[in-house]
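Participant: One-letter residues, chain by chain:
There are 4 protein chains.
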Amino acid sequence: MPNPDIERLQQQLRAFAAERDWDQFHSPKNLSMALIAEAAELVEHFQWLTEAQSRALPDRKQAEVAQELADIFIYLLRIADKLDIDLLQAAQDKVRINAGKYPADSVRGSAKKYTEY
Amino acid sequence: MPNPDIERLQQQLRAFAAERDWDQFHSPKNLSMALIAEAAELVEHFQWLTEAQSRALPDRKQAEVAQELADIFIYLLRIADKLDIDLLQAAQDKVRINAGKYPADSVRGSAKKYTEY
Amino acid sequence: MPNPDIERLQQQLRAFAAERDWDQFHSPKNLSMALIAEAAELVEHFQWLTEAQSRALPDRKQAEVAQELADIFIYLLRIADKLDIDLLQAAQDKVRINAGKYPADSVRGSAKKYTEY
Amino acid sequence: MPNPDIERLQQQLRAFAAERDWDQFHSPKNLSMALIAEAAELVEHFQWLTEAQSRALPDRKQAEVAQELADIFIYLLRIADKLDIDLLQAAQDKVRINAGKYPADSVRGSAKKYTEY
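Protein chains in written order, with the numbering used here: chain A, 19 to 135; chain B, 19 to 135; chain C, 19 to 135; chain D, 19 to 135.
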């Protein structure tokens with residue numbers, strides 16, 4: 019069952035691209051490049067911070083990070099829309115898969131990749 | 019106004035990490051690294067495809083890509099949760115900002131960065 | 019046998035960081051984040067270009083791309099230096115490994131990942 | 019003046035691609051995607067480590083990281099070759115530019131971006 023807020027955002031983004039004649043650029047390939055470029059801007063905010071600093075951002079940095087998260091989300095929604103993937107459903111499915119891959123009792127306190135268990 | 023589906027997912031992810039004692043690893047800094055690693059797995063699916071091929075994926079690839087989108091979304095929700103950012107609100111704000119930065123009439127059919135206009 | 023040009027660059031970068039008291043920030047973890055952020059700036063140059071356009075860049079773009087390659091190379095040299103890895107040797111070893119993984123006769127004209135053969 | 023070790027590696031990579039008929043895939047655009055995917059594998063090695071742990075890797079991890087650095091270097095050399103950019107020269111130029119952007123006296127002990135000075 020589609021989520022109305024997400025649907026609405028995707029419709030806005032679709033209209034946004036259509037009005038600007040940008041669909042020609044918005045192949046999933048290109049959008050994946052744009053998404054990782056935004057993800058890197060997020061990484062850049064944190065690269066010289068300690069982990070502790072990254073947990074307690076000053077207000078201005080917090081606002082900038084919120085915008086980076088938004089940019090990533092926007093491209094994520096756009097790719098999902100282009101490929102007709104229900105993002106929320108996919109995430110729910112993945113949470114279930116992860117629960118099977120990482121049983122709480124065997125991985126507690128360890129960050130190893132599941133292939134190492 | 020928070021979105022119930024997104025809230026529920028974030029609660030599940032919070033419980034998932036807590037049960038595994040993984041919050042010690044889940045600083046925003048580390049989560050940003052995990053997110054970009056997932057974004058790169060998406061990129062990898064498309065790197066040797068033409069744009070046209072990326073628009074029409076075979077079923078198996080389509081399912082794999084759906085999982086990558088889910089992984090990115092999961093880390094995005096997790097960072098937003100850790101930093102107390104309303105992801106949907108941030109995206110709605112950003113869509114509005116972008117409309118100002120890229121007026122349809124002046125950017126039609128061009129993919130230049132807004133700083134170049 | 020170390021390469022004198024590469025050694026000299028690494029010494030310059032070492033001095034550069036020391037003079038600025040930046041070694042405290044230059045953990046391999048942080049440097050890997052800085053490297054991927056630079057890699058993303060390269061990706062950004064190409065994200066809305068066709069493949070053909072990316073093969074024939076206008077002069078200004080060509081110069082900008084050269085700077086991005088330099089930035090990536092600088093962080094790569096820096097990480098190698100910090101971890102005491104001989105980058106050139108590692109690359110030569112990897113070329114040999116790849117020749118074994120991708121025998122010319124079986125992969126000709128195909129871009130599948132080696133695990134799929 | 020070209021560096022003979024780097025030239026030799028680039029020639030090997032050129033022959034490697036030619037024998038496999040892979041030049042059709044090796045547009046700078048695609049190669050930039052492959053490069054960032056390798057950079058992300060490096061990031062993945064460090065994402066759950068502390069900075070201190072990343073400075074002192076166990077032997078096996080050290081060897082794996084050396085291979086990731088090699089992969090990044092290989093794609094970097096390949097892009098430089100395709101675009102006819104002298105990587106070493108570009109890095110030397112960039113080191114000089116950085117010295118101007120970050121004067122030792124004003125940035126000592128601070129990791130702010132140069133635009134913030």
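To be clear, the hints were calculated from the coordinates, so they are not data collected in a lab. Hints are supplied without guarantee of correctness; some may be wrong.
Same chains, same label: a pair holds when it works inside one copy or across any pair of copies.
With a straight-line cut-off of 30 angstroms between C-alpha atoms, the simulated BS3-like cross-links for lysine-lysine are [stated by the list, open to error]: (1) LYS130 with LYS100; (2) LYS119 with LYS79; (3) LYS131 with LYS119; (4) LYS130 with LYS112; (5) LYS100 with LYS112; (6) LYS119 with LYS130; (7) LYS112 with LYS131.
Participant: So which of those numbered hints doesn't the model satisfy?
Facilitator: As far as the earlier hints go, not one is violated by this structure.
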